[in-house]
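Colleague: These are the residues of each chain, in order.
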Amino acid sequence: MGRIKDYDFSVSNEMLLELCKQQDQEALRVLFRRHEKPVYNLLYRMLSNHEDAEEALADVFVKVWRAAGSFKGDSKFTTWLFKIAANTARDFLRSRMIRREVSLEDGLVSEGEVARSAAARTVDPEDSTLREDELSRISAALNGLSEDDRLLITLYHFQELDYQDIAEITGICAGNLKVKLFRARQRLKKLCAELDGGCVGNELRGSTDDSSGLRQGACEWS
Amino acid sequence: MSGPEARLIKAHLKTCTECKALLDEELAFDARLAAVPVVEPVNDVWVLVRARTKPRKFSPFVWLARIRSAGATAKRAAAAAAVIGVAAVTLYSFTLNRSDLAPSYISKGAENVITVKWSDDPLGGHREALVECIGKM
Ligand SMILES: [Zn+2]
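From first to last, the protein sequence lines stand for chains A and B. Be aware that the first sequence starts at 23, since it is given in this note's numbering, and climbs by one per residue. Be aware that the second sequence starts at 76, since it is given in this note's numbering, and climbs by one per residue.
Hints were generated in silico from the structure; no laboratory data involved. Any given hint could turn out to be false.
[Stated by the list, open to error] With the C-beta cut set under 10 Å, the calculated list includes, among others, these residues of chain A facing chain B:
1) C42
2) D46
3) E58
4) H72
5) F83
6) F93
7) K94
8) E169
9) H179
10) Y185
11) A189
For every residue, glycine included, the Cβ atom is placed at its ideal position computed from N, Cα and C.
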């Protein structure tokens, strides 16, 4: 196959995958260029460091190459790809025990690096520091979540996928998904509040049930 | 959200400070998460992928796929050729059997018929006939 422009979408992902089945490495290169950023973002949010995320990114596309023949076309290519990415991230977390190694403090450092490498848009150093702190806190809070919660938050809030895609990727049924996502979000919010230095304005917010994440407000509907 | 339920909620939010505070808090948290930047790989990871996905020089599976795909193309080409062939033969035999479809000058007189045959003579041995024809024009 001749060289395809990386963002020439007249050649569909499915067509490129078909070519991958026939050992066309150029087709894989185009798929890689098209999807490396969102896949990397997912992996980074799951693994919390660049080195592992890059290694996992390579693994994902090697799996795409090898498993091209197993793609049946009954789901979107991107859903299939994110499913591979999510499983790869889980494999990484399990095999390297990253969850045990990465402390909240590590999260703070690595997110600081990200903020710098992403060339924080603000020029004011004070703003930049505030922004880095904020990113560090969110990253650290994410690290404090379980794998499953982190995956849900990442897919919904950072990858902006819809419920149907998330249900397919995670294997959680659509009915349960909203509840699980809500609870994951409440847990993340709680962790953020703790890292922010206390529960801000708790007197206004009612209490949060830890096990469910559901609020027990005192409001009455009129 | 739309419809009567949304109107009910909006009306409630106007009067209930607790729910309004909850909503504001959720929206603020959404904004906080939305502000998290997209991270990009620092290195070109394609180099790693390329090294690990070298196309196999010979694989029975690949060749099978290629043959299958080539077979499909060949089948289509053969079908097209067969259709064209049948059409050509039909047309040819139809014209042979219908002398009325032949150019009208053929039946008018043998002097006007030109038979083409392989020869070193560019006029195919019909020089006299041609000269006569031209003379009559
Ligand atoms: Zn209320």
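Colleague: Each hint should be assessed against the structure and marked as holding or not.
Modeller: Against the structure, the hints come out as follows:
no.: 1; hint: C42; verdict: 9 Å, holds
no.: 2; hint: D46; verdict: 7 Å, holds
no.: 3; hint: E58; verdict: 7 Å, holds
no.: 4; hint: H72; verdict: 6 Å, holds
no.: 5; hint: F83; verdict: 5 Å, holds
no.: 6; hint: F93; verdict: 14 Å, violated
no.: 7; hint: K94; verdict: 16 Å, violated
no.: 8; hint: E169; verdict: 18 Å, violated
no.: 9; hint: H179; verdict: 5 Å, holds
no.: 10; hint: Y185; verdict: 15 Å, violated
no.: 11; hint: A189; verdict: 20 Å, violated
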